Amino acid sequence: MTAPDPKHSDTMVRDEDLRALFAARRPDAARFAAGVAERLARPRFDDDDESDGTAAAPVHTTSGLRTLLDRAASVVPGISSGGGIGKSWAAILSLPFLLLVGVVATFARGFRRVDPSRHRDAPPLSPAERRTHTDFPNRLIALESLLAIGLMVIAAIGGGIAQDAVTIGLLISMMALIWHIGQSARAGVVDPQQVARTMFLTQIVALFGCVFWPGPMLFSGDSLLGNAGVGWILELGLVVTFALSWGLARKADPFMAFALCVVLPLGGLVLQLPSDALARTRHHLQTLYLHPEELSNWSSAGVMGQALQAAGAAPVDLQAVHERLVAALATTPTSRSQDPVHPTVWSTAVALGLLGDDDLRRLAMRDAGRDVDDLLSDSRPLDIGVYRGYLLDCALVAREPTAAQRDHLARRAVAAWPAPDARGDQLEQALFCARWLARLGRDDLLAAQAPQAHELLRRHWVSPRTAAWFSTPGGFCTFPENGQHADIRSTSHAVELMQLVGAPEDLPLREVRAFLRHGFDTSLIGRLLAGRSVLGKEAEASLVLLDRGVGLPAVGTLARLIAERAPLAALLLVALALRAIWLAQRSAMRLVGALP
Amino acid sequence: MTAHLDPVLDQWIARFRGPLTGLLASWGADWGEAEELAMDTFAEAWLGRERLRGSMADSRVVGPWLRGIAANLHRSRQRSARRLRLEPLHEDAAVAPSPEHPDERLDVLRAAFALLRTDQQMVLRMFYLDEASTREVAALLMLTEKAVEGRLHQARRALREKADRLLAATAGGSR
Numbered sequence: 000m001t002a003p004d005p006k007h008s009d010t011m012v013r014d015e016d017l018r019a020l021f022a023a024r025r026p027d028a029a030r031f032a033a034g035v036a037e038r039l040a041r042p043r044f045d046d047d048d049e050s051d052g053t054a055a056a057p058v059h060t061t062s063g064l065r066t067l068l069d070r071a072a073s074v075v076p077g078i079s080s081g082g083g084i085g086k087s088w089a090a091i092l093s094l095p096f097l098l099l100v101g102v103v104a105t106f107a108r109g110f111r112r113v114d115p116s117r118h119r120d121a122p123p124l125s126p127a128e129r130r131t132h133t134d135f136p137n138r139l140i141a142l143e144s145l146l147a148i149g150l151m152v153i154a155a156i157g158g159g160i161a162q163d164a165v166t167i168g169l170l171i172s173m174m175a176l177i178w179h180i181g182q183s184a185r186a187g188v189v190d191p192q193q194v195a196r197t198m199f200l201t202q203i204v205a206l207f208g209c210v211f212w213p214g215p216m217l218f219s220g221d222s223l224l225g226n227a228g229v230g231w232i233l234e235l236g237l238v239v240t241f242a243l244s245w246g247l248a249r250k251a252d253p254f255m256a257f258a259l260c261v262v263l264p265l266g267g268l269v270l271q272l273p274s275d276a277l278a279r280t281r282h283h284l285q286t287l288y289l290h291p292e293e294l295s296n297w298s299s300a301g302v303m304g305q306a307l308q309a310a311g312a313a314p315v316d317l318q319a320v321h322e323r324l325v326a327a328l329a330t331t332p333t334s335r336s337q338d339p340v341h342p343t344v345w346s347t348a349v350a351l352g353l354l355g356d357d358d359l360r361r362l363a364m365r366d367a368g369r370d371v372d373d374l375l376s377d378s379r380p381l382d383i384g385v386y387r388g389y390l391l392d393c394a395l396v397a398r399e400p401t402a403a404q405r406d407h408l409a410r411r412a413v414a415a416w417p418a419p420d421a422r423g424d425q426l427e428q429a430l431f432c433a434r435w436l437a438r439l440g441r442d443d444l445l446a447a448q449a450p451q452a453h454e455l456l457r458r459h460w461v462s463p464r465t466a467a468w469f470s471t472p473g474g475f476c477t478f479p480e481n482g483q484h485a486d487i488r489s490t491s492h493a494v495e496l497m498q499l500v501g502a503p504e505d506l507p508l509r510e511v512r513a514f515l516r517h518g519f520d521t522s523l524i525g526r527l528l529a530g531r532s533v534l535g536k537e538a539e540a541s542l543v544l545l546d547r548g549v550g551l552p553a554v555g556t557l558a559r560l561i562a563e564r565a566p567l568a569a570l571l572l573v574a575l576a577l578r579a580i581w582l583a584q585r586s587a588m589r590l591v592g593a594l595p
Numbered sequence: 000m001t002a003h004l005d006p007v008l009d010q011w012i013a014r015f016r017g018p019l020t021g022l023l024a025s026w027g028a029d030w031g032e033a034e035e036l037a038m039d040t041f042a043e044a045w046l047g048r049e050r051l052r053g054s055m056a057d058s059r060v061v062g063p064w065l066r067g068i069a070a071n072l073h074r075s076r077q078r079s080a081r082r083l084r085l086e087p088l089h090e091d092a093a094v095a096p097s098p099e100h101p102d103e104r105l106d107v108l109r110a111a112f113a114l115l116r117t118d119q120q121m122v123l124r125m126f127y128l129d130e131a132s133t134r135e136v137a138a139l140l141m142l143t144e145k146a147v148e149g150r151l152h153q154a155r156r157a158l159r160e161k162a163d164r165l166l167a168a169t170a171g172g173s174r
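Chains as they are written, first to last, in numbering that gives the first Met the number 0: chain A, 0 to 595; chain B, 0 to 174.
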């Protein structure tokens, strides 16, 4: 049996207690089975539609279809994702699906056509065809260069359909490969060594055209493998092609050996490597430099702490930071404007659990307790600034408010919830209010705010259809009225808000995940050069929070295949290339020997 | 009475009995009704198994299928109740009735459970009612296993916080 997180029993209710809690309600296994058997033995009336729950029961999950519809609606103009069944089928026949079908169909066709013996009866090449055939490598490079330029433009202006463009590039490579073998057979020049070189070249050109030139970080929607997956598959394909060619010809091709010496280290440097986002987030928080008088890093530390808490990770040792905070608490600023410690620092420190009750009492005294008292006495909507969330914790510890006062604080938070037509950074304001309600344990009020929060999330979400040029879709924007530019900070706020109030059902969380995954670089060079990118670390922490705190809907097999159409195309391209080399060698062997 | 059921159906019941009953109880059925509806669901699912597309041994296929049937039966039961003006049975505490010899710790947990969010209550009911695995809970909720594990973790932590708060309030009141 799977038991979640047994190691954190000090912060959670134990499994045994929960089982004991439900013990009296537990169905008796024998009685339950007997009840089912008795029902199965009852005489049945087939026309009683109400008794037959299977009549309209879904036979598989709808989330895959929903993802498809949303994706299709973003590509095919004029198709709404929320239509009837006719629209659904129209939407499924969208570009990603058609590309998947095209890739599989091309592979199926090429599987037989890369056999040179199948072209023996075809008419010989005309002089013009012979020239085209001879010029194949140059034409292939030119074609893939054009594609790479197109991909770079797509990456720059939005990237919403980048994966489709990569798939098209790989599809073109597959077609070119099949065409070339057919032409070679017709020209009667199927030299195994030459075929192996051409297959090798086809994969290198695809690797540079679809991965290296446009960038391995190219936005790849909800694909788990992404464009880096395409890169790794092609790199592996090159190694196997080289090995196969070596094995068949019994000598290494110097061109291939040289090319591998260049391509393999390059791929190792720039292609994304698998990484454990949770472990990395823990490491980031552990190594983040946090000083009370330096504001940088504190917001990111808050996101990381929240993600680790949601994932149930073991606490991070921040003793040194705590000591700096205690030292800062000992100082008394002459005025708020002279205070070297920004309120964000205190709010984050409270969220990270770095301040104990005594520290909070001292913190309440630091402003002569005025703000904390105002909090309890004022009846207006909360207007203390989103950075000053720590005041609530100070009030709870230092003033020990009565139930009526706690209710008063909760009502003030609800009153401060952003209005539907309000402008500005409403996500942050809503998150501030939601945190406040959660801290007060008012889940009832939080649930009541959920519809408004969901509406707000929908308004701030940037879909591939509405994303501004030079921006990546899938995340959340700060100011939707100023253009749809998703950013990591707002997306972090949105993810935390969804953790508190739940995610809207119609929001494609996998697109949100793709945006966050796009926000940090796990390649070797990325780790070396972008190690100080705080926003990248924040994106990684938010991804952990989304995975563990919010949860992603399950996807069906077809939707998963469509999402991975580009890596699948790369895999099939490599398979075709290897088959072509193998068959070229076999065809050449058949020609050896005495002829009558 | 010993029931002789097909081994496949037996497997379904063993894997989904607890999570499905917990799910139905979370939709508003009382515990007795939830158990009855769960039995109905298994029977209907078995009789209509030709319509199931995919492997009958795969939880990811069977889970959504059972959920769909359970939802239909539950709706049908609600419609009948409205038509016949049946009063819901409110014998239901959110979790379990207080026993004759009360356990103070469980009483606090019971009270804290009632304060949890509905989604947190749901996942705890489904997982802890009977021997269940996160795979089956995830299949019924149409979520990933990781998401269910995350929800369980949060729910257990929230329950602990609420229980601590209640204990503190009780201690404060008795002072």
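It should be emphasised that the hints constitute simulated quantities derived from the structure, not laboratory data.
Be aware that one or more of the hints could be misleading.
To be verified - If we take Cβ atoms under 8 Å as the criterion, some of the chain B residues that face chain A in the derived model are:
{"#": "1", "residue": "106"}
{"#": "2", "residue": "118"}
{"#": "3", "residue": "143"}
{"#": "4", "residue": "164"}
Said to hold, decoys possible - Listed below are the simulated SDA-like cross-link pairs for lysine to any residue, each with C-alpha atoms no more than 25 Å apart in a straight line:
{"#": "5", "chain 1": "B", "residue 1": "145", "chain 2": "A", "residue 2": "521"}
{"#": "6", "chain 1": "B", "residue 1": "145", "chain 2": "A", "residue 2": "196"}
{"#": "7", "chain 1": "B", "residue 1": "145", "chain 2": "A", "residue 2": "442"}
{"#": "8", "chain 1": "B", "residue 1": "145", "chain 2": "A", "residue 2": "273"}
{"#": "9", "chain 1": "B", "residue 1": "145", "chain 2": "A", "residue 2": "446"}
{"#": "10", "chain 1": "B", "residue 1": "145", "chain 2": "A", "residue 2": "581"}
{"#": "11", "chain 1": "B", "residue 1": "145", "chain 2": "B", "residue 2": "134"}
{"#": "12", "chain 1": "B", "residue 1": "145", "chain 2": "A", "residue 2": "13"}
{"#": "13", "chain 1": "A", "residue 1": "250", "chain 2": "A", "residue 2": "577"}
{"#": "14", "chain 1": "B", "residue 1": "145", "chain 2": "A", "residue 2": "152"}
{"#": "15", "chain 1": "B", "residue 1": "145", "chain 2": "A", "residue 2": "437"}
{"#": "16", "chain 1": "B", "residue 1": "145", "chain 2": "A", "residue 2": "18"}
{"#": "17", "chain 1": "B", "residue 1": "145", "chain 2": "A", "residue 2": "250"}
{"#": "18", "chain 1": "B", "residue 1": "145", "chain 2": "A", "residue 2": "278"}
{"#": "19", "chain 1": "A", "residue 1": "250", "chain 2": "A", "residue 2": "312"}
{"#": "20", "chain 1": "B", "residue 1": "145", "chain 2": "A", "residue 2": "277"}
{"#": "21", "chain 1": "B", "residue 1": "145", "chain 2": "A", "residue 2": "577"}
This structure is a prediction, so every number in the text was calculated from the model and none was measured.
Ideal placement from N, C-alpha and C gives every residue a C-beta, glycine not left out.
The hints, checked one at a time:
no.	hint	result
1	106	violated (10 Å)
2	118	holds (7 Å)
3	143	holds (5 Å)
4	164	holds (6 Å)
5	B:145 with A:521	holds (22 Å)
6	B:145 with A:196	violated (45 Å)
7	B:145 with A:442	holds (24 Å)
8	B:145 with A:273	holds (18 Å)
9	B:145 with A:446	holds (24 Å)
10	B:145 with A:581	violated (43 Å)
11	B:145 with B:134	holds (9 Å)
12	B:145 with A:13	holds (20 Å)
13	A:250 with A:577	holds (17 Å)
14	B:145 with A:152	violated (37 Å)
15	B:145 with A:437	holds (23 Å)
16	B:145 with A:18	holds (21 Å)
17	B:145 with A:250	violated (49 Å)
18	B:145 with A:278	holds (16 Å)
19	A:250 with A:312	violated (53 Å)
20	B:145 with A:277	holds (13 Å)
21	B:145 with A:577	violated (38 Å)
In summary, the structure is inconsistent with hints 1, 6, 10, 14, 17, 19, 21 from the numbered list given earlier, while agreeing with the others.
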